[in-house]
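> Construct the entire structure; sequences and hints are all you get.
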Amino acid sequence: MSEKLYAWLLRLYPSHFRETYGDESLQLFRDRARDEKGFLPRLRLWLDLLLDATISLPREYLHIPSARVVASGPQHLNGIPTFYVLQNASPRPGALFVGGLLSLVTLATCWASLGHYKNPANSQATEFGYAPGESRFAETRPAPPNPPSAASAAPRPFTQPDALNKTERKRVIEGAIANLKAHYIDKDAAQKMADTLLAHEKHGDNDAAMDPATFAALLTQQTREVKPDRHLTLDYSQSPLPQQPLGRSPEVLAHYRQEMKKQNCAFEKVEILPRNIGYLKLNSFPDPDICRIPAMAAMTYVNHADAIIFDLRDNRGGDPAMVQFLAAYLFDHPEYWYNPRENTTERSWTLSPVPGNDLADKPVYVLTSPATFSGAEQFCYDLKMLKRATLIGETKGGGAHAGVWHRIDDHFGIGIPETKAINPYSTGDWAEVGVEPDVKVNPADAYETALKLARNKLKKN
Amino acid sequence: MPKRKLDPLPSAAFQILLALVGEDLHGYGIMRQVAEQTENRMRLGPGTLYSSIRVLLEEGLIEECDPREDARLGEERRRYYRLTSAGRKLARSEAERLADLLRVARAKKILRGRYV
Numbered sequence: 015m016s017e018k019l020y021a022w023l024l025r026l027y028p029s030h031f032r033e034t035y036g037d038e039s040l041q042l043f044r045d046r047a048r049d050e051k052g053f054l055p056r057l058r059l060w061l062d063l064l065l066d067a068t069i070s071l072p073r074e075y076l077h078i079p080s081a082r083v084v085a086s087g088p089q090h091l092n093g094i095p096t097f098y099v100l101q102n103a104s105p106r107p108g109a110l111f112v113g114g115l116l117s118l119v120t121l122a123t124c125w126a127s128l129g130h131y132k133n134p135a136n137s138q139a140t141e142f143g144y145a146p147g148e149s150r151f152a153e154t155r156p157a158p159p160n161p162p163s164a165a166s167a168a169p170r171p172f173t174q175p176d177a178l179n180k181t182e183r184k185r186v187i188e189g190a191i192a193n194l195k196a197h198y199i200d201k202d203a204a205q206k207m208a209d210t211l212l213a214h215e216k217h218g219d220n221d222a223a224m225d226p227a228t229f230a231a232l233l234t235q236q237t238r239e240v241k242p243d244r245h246l247t248l249d250y251s252q253s254p255l256p257q258q259p260l261g262r263s264p265e266v267l268a269h270y271r272q273e274m275k276k277q278n279c280a281f282e283k284v285e286i287l288p289r290n291i292g293y294l295k296l297n298s299f300p301d302p303d304i305c306r307i308p309a310m311a312a313m314t315y316v317n318h319a320d321a322i323i324f325d326l327r328d329n330r331g332g333d334p335a336m337v338q339f340l341a342a343y344l345f346d347h348p349e350y351w352y353n354p355r356e357n358t359t360e361r362s363w364t365l366s367p368v369p370g371n372d373l374a375d376k377p378v379y380v381l382t383s384p385a386t387f388s389g390a391e392q393f394c395y396d397l398k399m400l401k402r403a404t405l406i407g408e409t410k411g412g413g414a415h416a417g418v419w420h421r422i423d424d425h426f427g428i429g430i431p432e433t434k435a436i437n438p439y440s441t442g443d444w445a446e447v448g449v450e451p452d453v454k455v456n457p458a459d460a461y462e463t464a465l466k467l468a469r470n471k472l473k474k475n
Numbered sequence: 154m155p156k157r158k159l160d161p162l163p164s165a166a167f168q169i170l171l172a173l174v175g176e177d178l179h180g181y182g183i184m185r186q187v188a189e190q191t192e193n194r195m196r197l198g199p200g201t202l203y204s205s206i207r208v209l210l211e212e213g214l215i216e217e218c219d220p221r222e223d224a225r226l227g228e229e230r231r232r233y234y235r236l237t238s239a240g241r242k243l244a245r246s247e248a249e250r251l252a253d254l255l256r257v258a259r260a261k262k263i264l265r266g267r268y269v
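Chain order of the listed sequences is U and Y.
So our numbering is basically just the index in the first sequence, starting at one, shifted up by 14.
So our numbering is basically just the index in the second sequence, starting at one, shifted up by 153.
Read the hints as simulated data drawn from the structure, not as lab findings.
Careful: at least some of the hints might be erroneous.
[Stated by the list, open to error] Label pairs and their in silico Cβ distance ranges:
hint	chain 1	residue 1	chain 2	residue 2	range
1	U	52	Y	262	41 to 47 Å
2	Y	160	U	61	28 to 34 Å
3	U	125	Y	160	31 to 37 Å
Positions of the beta carbon are idealized from the N, C-alpha and C atoms, including for glycine.
Right, dumping it as structure tokens:
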């Protein structure tokens with residue numbers, strides 16, 4: 015209820031502010047509402063918000079709209095005269111008074127009309143939400159060719175992306191439900207999610223969603239009430255989604271290749287520390303088709319180390335093939351490598367031994383943090399189950415089953431985990447619970463702890 | 154020479170620059186950091202916070218980083234902001250200006266307490 019009230023308050027701000035910061039303002043409100051519970055803190059929150067609106071509303075209406083064009087792209091600012099306000103002197107007190115009066119009148123008019131508020135005809139398209147390439151599936155291997163889903167609703171043009179009406183919302187929800195029922199790995203949960211989505215819509219819980227991106231986030235959140243599956247996500251894209259999955263596009267692959275080149279294929283650091291301890295800071299597991307040579311070079315560099323530390327504290331996952339590729343260096347025989355995204359095949363074993371590799375019998379330490387996610391957790395989980403590494407840090411995110419992207423319409427899509435492989439180690443895996451480290455320490459101390467453990471181990475040998 | 158938007162530097166903008174000195178933060182992180190560094194005297198509301206952020210971005214004093222999740226706050230991706238070298242320079246010169254003022258105030262013996 016209070017979020018709905020704040021969403022109404024936000025509507026008093028000019029469109030240029032709402033377009034750029036409406037979503038973040040709502041997020042900030044949610045954060046504060048979550049952290050400031052109880053009568054007094056909540057009262058203080060509302061007083062803050064009202065005071066803030068009184069001060070910032072006139073300022074926003076006086077803001078020169080042309081400046082907002084450059085607001086999101088500071089890299090384009092150099093030398094452009096929009097750095098400066100258009101007047102040399104401050105506005106006259108009279109102008110400020112008239113401005114303030116106008117703002118008050120606007121405020122009062124808006125409040126009075128709130129009860130009759132419908133979708134404004136002059137609303138502008140928002141820029142909120144993830145672009146298709148930015149979805150959390152971006153870190154996974156480009157999706158295999160995905161024939162148009164039978165459950166996908168027919169693409170329909172989106173005439174007014176800023177103002178979702180009930181019919182459009184219903185269409186998106188129905189599209190999401192059809193895809194969930196057709197593809198989600200847990201059929202019971204899919205049915206419950208469908209019921210939950212419909213119940214929320216019926217109770218008007220989606221009415222406060224100001225824009226399509228917020229609506230998509232809300233639906234994602236509602237499905238997670240049934241099951242906190244972080245690979246299940248509903249996303250909105252301002253620009254029309256392509257008919258075919260992005261992963262197939264040569265442009266996307268070219269962009270990915272270029273990014274990987276810039277980032278040295280996510281190998282942030284590769285070094286030999288004192289006492290001949292190899293250290294690799296790897297921030298994702300990139301596609302081996304593109305990053306095989308840098309990965310081999312990194313492993314070759316640490317090949318003669320007496321112990322090896324994989325720092326995955328900032329690793330958000332990536333391609334299971336790279337996870338398996340790097341794991342091959344840690345064994346002297348083919349080892350079964352559990353991948354929750356695929357059922358067992360002949361490719362489920364590591365390609366060990368790697369010719370010329372000296373690391374198969376060296377102690378391995380893996381540094382983790384709550385940010386360590388998905389493919390990085392697979393690396394941790396399998397090495398832990400195989401008793402091949404000591405995990406140091408904090409429990410990780412709990413993302414195991416990657417999703418396949420399904421298009422609902424031109425602007426909405428849903429990523430759904432579709433497979434669940436047999437786990438040879440135990441009945442569950444790390445999905446939703448994360449991987450428990452062997453040595454629990456603050457992630458900031460994990461590096462020092464690993465060095466200490468490695469030195470002690472090497473001393474004993 | 155046209156007058157710059159941040160001359161003089163508003164208190165909220167200065168506090169935001171100071172909040173970003175140590176690390177990149179998202180909006181809520183900035184709000185909490187400002188509240189902490191001002192002992193809760195300044196709690197920036199969304200309107201003030203984001204209009205200040207917009208001006209700082211326009212002036213090239215801060216810049217946006219890639220959106221990412223905050224491990225503590227859940228899995229929603231957030232826009233992070235980073236101090237630029239121009240922002241750091243301006244924060245330093247503003248701090249020096251305030252230090253000069255403080256020196257004058259000290260000389261005039263109008264300050265109380267041992268902590269200043």
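> Of all the hints numbered above, which does this structure not satisfy? Sort the numbers upward.
none
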